[in-house]
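Starting from the known structure of chain A, arrange chain B on it as the hints suggest.
Residue numbers (our numbering), protein chains in the order written: chain A, 1 to 358; chain B, 1 to 246.
Derived from the structure by calculation, the hints contain no laboratory data. Bear in mind that the values here come from a model prediction, so they are computed numbers and not experimental data. Beta carbons are placed, not taken as given, at the ideal position from N, Cα and C, and that holds for glycine. It is possible that part of the hints are untrue.
[To be verified] Derived lysine-lysine pairs resembling BS3-like cross-links, with alpha carbons at most 27 Å apart:
(1) Lys-201(A) - Lys-38(B)
(2) Lys-201(A) - Lys-196(B)
(3) Lys-22(A) - Lys-38(B)
(4) Lys-234(B) - Lys-43(B)
[What the hints assert, rightly or not] Sample of chain A residues with no beta-carbon within 10 Å of chain B, all distances over it, derived:
(5) Lys-22
(6) Ala-34
(7) Glu-55
(8) Ser-68
(9) Glu-88
(10) Lys-201
(11) Lys-206
(12) Lys-224
(13) Lys-230
(14) Lys-274
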Amino acid sequence: MDKQLLSGTTAIGEAAIQAGCKFYFGYPITPQNALPEYMSGRLVEIPGGVFLQAESEVGAINMVMGASAVGERVMTSSSSPGISLKQEGISYMAGQELPAVIVNVSRGGPGLGSIYPAQSDYFQSTRGGGHGDYRTIVLAPASVQELADMTAAAFDLAEHYRTPVLVLADGVLAQMMEPVKISSRKRKKAASKEYELTGAKGRPSKAIHSFRMDPKDQEDHNWKLMRKYKRIEQREVSCETFLMDDAEMAVVAYGTAARIAKGALKRLRKEKLKVGLIRPKTLWPFPTELIKEISKRVNDFLVFEMSAGQMIEDVKLALEGKGTIHFYGRPGGVIPAPIELYRIISRHYYQAKRKQKK
Amino acid sequence: MKKVFERPEALHHAPFHYCPGCGHSIIHRLIAQVIDEKKLRDKTICSLGVGCAVVAYNYFDVDLIEAPHGRAAAVATGVKRARPKHIVFSYQGDGDLAAIGTAETFHAANRGEHFTAFFVNNAVYGMTGGQMAPTTLIGQKTTTSPFGRQHEIAGYPLKFSEVLAQLEGTSYIERVAVNSPAQVRKAKKAIEKAFKHQQKKTGFSMVEFLSPCPTNWRMGTIDSCKWIDDVMQKEYPLGVIKEKKC
Numbered sequence: 001m002d003k004q005l006l007s008g009t010t011a012i013g014e015a016a017i018q019a020g021c022k023f024y025f026g027y028p029i030t031p032q033n034a035l036p037e038y039m040s041g042r043l044v045e046i047p048g049g050v051f052l053q054a055e056s057e058v059g060a061i062n063m064v065m066g067a068s069a070v071g072e073r074v075m076t077s078s079s080s081p082g083i084s085l086k087q088e089g090i091s092y093m094a095g096q097e098l099p100a101v102i103v104n105v106s107r108g109g110p111g112l113g114s115i116y117p118a119q120s121d122y123f124q125s126t127r128g129g130g131h132g133d134y135r136t137i138v139l140a141p142a143s144v145q146e147l148a149d150m151t152a153a154a155f156d157l158a159e160h161y162r163t164p165v166l167v168l169a170d171g172v173l174a175q176m177m178e179p180v181k182i183s184s185r186k187r188k189k190a191a192s193k194e195y196e197l198t199g200a201k202g203r204p205s206k207a208i209h210s211f212r213m214d215p216k217d218q219e220d221h222n223w224k225l226m227r228k229y230k231r232i233e234q235r236e237v238s239c240e241t242f243l244m245d246d247a248e249m250a251v252v253a254y255g256t257a258a259r260i261a262k263g264a265l266k267r268l269r270k271e272k273l274k275v276g277l278i279r280p281k282t283l284w285p286f287p288t289e290l291i292k293e294i295s296k297r298v299n300d301f302l303v304f305e306m307s308a309g310q311m312i313e314d315v316k317l318a319l320e321g322k323g324t325i326h327f328y329g330r331p332g333g334v335i336p337a338p339i340e341l342y343r344i345i346s347r348h349y350y351q352a353k354r355k356q357k358k
Numbered sequence: 001m002k003k004v005f006e007r008p009e010a011l012h013h014a015p016f017h018y019c020p021g022c023g024h025s026i027i028h029r030l031i032a033q034v035i036d037e038k039k040l041r042d043k044t045i046c047s048l049g050v051g052c053a054v055v056a057y058n059y060f061d062v063d064l065i066e067a068p069h070g071r072a073a074a075v076a077t078g079v080k081r082a083r084p085k086h087i088v089f090s091y092q093g094d095g096d097l098a099a100i101g102t103a104e105t106f107h108a109a110n111r112g113e114h115f116t117a118f119f120v121n122n123a124v125y126g127m128t129g130g131q132m133a134p135t136t137l138i139g140q141k142t143t144t145s146p147f148g149r150q151h152e153i154a155g156y157p158l159k160f161s162e163v164l165a166q167l168e169g170t171s172y173i174e175r176v177a178v179n180s181p182a183q184v185r186k187a188k189k190a191i192e193k194a195f196k197h198q199q200k201k202t203g204f205s206m207v208e209f210l211s212p213c214p215t216n217w218r219m220g221t222i223d224s225c226k227w228i229d230d231v232m233q234k235e236y237p238l239g240v241i242k243e244k245k246c
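Just chain B, with the same shape it has in the complex:
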């Protein structure tokens, strides 16, 4: 019988601990598939952020360092500067990358560091129990915005991909979603492209994933996927935000 699907080699044989309907496991698998297909495992080093994916060292079967909360871009900078021929990627959530790690991410992007950032945006702090994130939508209820996010108090949802796209140092930035098979396929293409930009050394590359968090959104998994289409994408439109020639 022809095998049409199997676990990527760049993933350990370990069951994911993520909640049902969470996007992390899909994104892990996509990254691992691309690493397999492009035969990159031997020279890949991951700089891992802190959030729900903090134990992703149990899943990614690549060399990996867990960075302090928010600092994955700085750690990735150190790794890539010391090992310029390796493929280096960071893996961070929205709180990690776009709140506490704003400075590190912004300046790594502005320096045009040749690594790829995978940015998982689920509009909440998932690991800590669903608090408001910089990406939380106006009116969205979280445990620290119980009446819904109000811009008068908490400012506006941060479109960090668009912010980084302004910088000369960035080469490729795309926002994708993992809430339907069609979007998942597009997400994989984006990961491939981002690695290609890294290999061509055209500058900083990043893929933002809109990712469901049914647990902290207090929704069913199907409703969560629908919410990404109906609500989240209005604030965070999908597509290529920046692409330099490569």
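The following block holds chain A by itself, in its conformation from the complex:
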């Protein structure tokens, strides 16, 4: 397929369809409504495709659970307060080891917050979010093309590891238009489909459940999940580095914030300030090892987030007390301009230089 000019939400929807998603369950919430709207029209063209507007986010995520349990590719999308409501179902699916793709077009919080782009759902996304010992894979796109690619990849990851996968976007990414190429992907037969409920024809019945009466059984199950999460941590980390070869200072940012940072970096480089960018494309698993490696030659890290500072904790953990860490963030849905970030970075850059001279 040639490149098309698509909005972020359309790109997510079409990429999902091309990846074999036949089921969408959701509930309206700004700023992601264009996605369910697209799916409501598009899924009727797919044989067996179902779009259903649920009575709530709680209803929607549990419908996702039902369709996933019978082996279908299924997705839902929402925005921050709606994702909070879905956390119950996400925790259950993590426990039941059921795949699902959940798109969060996040907005400023807490509470109802603002509808404007923010990155304040980092903790919720990367720490599991709901109750219990579990993790979800979190993909962080920074362009419409990546929205499409990562949505498609999310289905493969979810099925391969039998776990819910989050795509964490925001209103900027979801609503802007960019040229994008969506390729249709052959659905890989999942590594193990033994969980799929089909009716117990000619075989013993199967039960998908997360409740275990015996705590030892539950412990065994939890360790099994942890071993899976370890495998994901070893294999699925993805991170872009930009202008890092000669960098004396590293900006760490993801998603929309990383794009703003690239704008600031252009100006900094024109003025010969050696600043580079580390852009995690997976927030969990986090590129801990990469940051640790870079910290051997770079001392100053500036974490830039459209929140009051959440990913900074993962950067601190990666640095293990080494280096100097700075932070700049704008929570609530305010979109900082590159020039604003440029000023902050250059100030820290020169202060670091002065410190070194002393």
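Only chain B this time, still in chain A's reference frame:
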């Protein structure tokens, strides 16, 4: 010798963990019998609620998914929409279906989802130790209504079957009891009918079972069965509440 009764194939060979006199085991067995007789096991998927029957995956020998508390109707919706030719049923208690799961149940019914809900009403939260349920009768003592349910504080017993019967999407709703052999036989007929409505795709079907809970009612098993006749049925009359042509 002629065999007149045996364990249904749709039940595992496992002893029930339910308390003596509990209605769950009877209701499990009735559902399993109907599944056997109608040869539905091969294409049945159960969406299981959370309550005393949360481990019913140890008993029902059919494909099954355990839903989060209250969400069985939404999970059943997802299953049935993805597998429209399968027989899908949810199995929930009164707290699960008519309190925390009100929205999911109500909207599944209103959409006319083609699955069957089995609704076990024993007027208490059994699994958690006998707290007040939406279905608890006025004056009934529970661990969270120690002086008896008072409507000024806790509202009125919820007749959810009657509520759902108002909806265009519902096709068949009947309230039965499992406190006597005669009622048990009627209950089985109701299960058959509900599955028939599901197969004919006439809309949402539900069977409400008045079910004894001697442990949490603080009664003997015989008194519990009598209480269903003498007290509970006054609030929750038995019979067909709604039946569309099918």
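These are the hints, each one checked on the structure:
no., hint, in the structure
1, Lys-201(A) - Lys-38(B), "holds (14 Å)"
2, Lys-201(A) - Lys-196(B), "holds (21 Å)"
3, Lys-22(A) - Lys-38(B), "violated (31 Å)"
4, Lys-234(B) - Lys-43(B), "violated (38 Å)"
5, Lys-22, "violated (8 Å)"
6, Ala-34, "holds (23 Å)"
7, Glu-55, "violated (4 Å)"
8, Ser-68, "violated (8 Å)"
9, Glu-88, "violated (6 Å)"
10, Lys-201, "violated (4 Å)"
11, Lys-206, "violated (5 Å)"
12, Lys-224, "holds (18 Å)"
13, Lys-230, "holds (26 Å)"
14, Lys-274, "holds (52 Å)"
In terms of the numbered hints stated before, the structure departs from hints 3, 4, 5, 7, 8, 9, 10 and 11, listed from lowest to highest.
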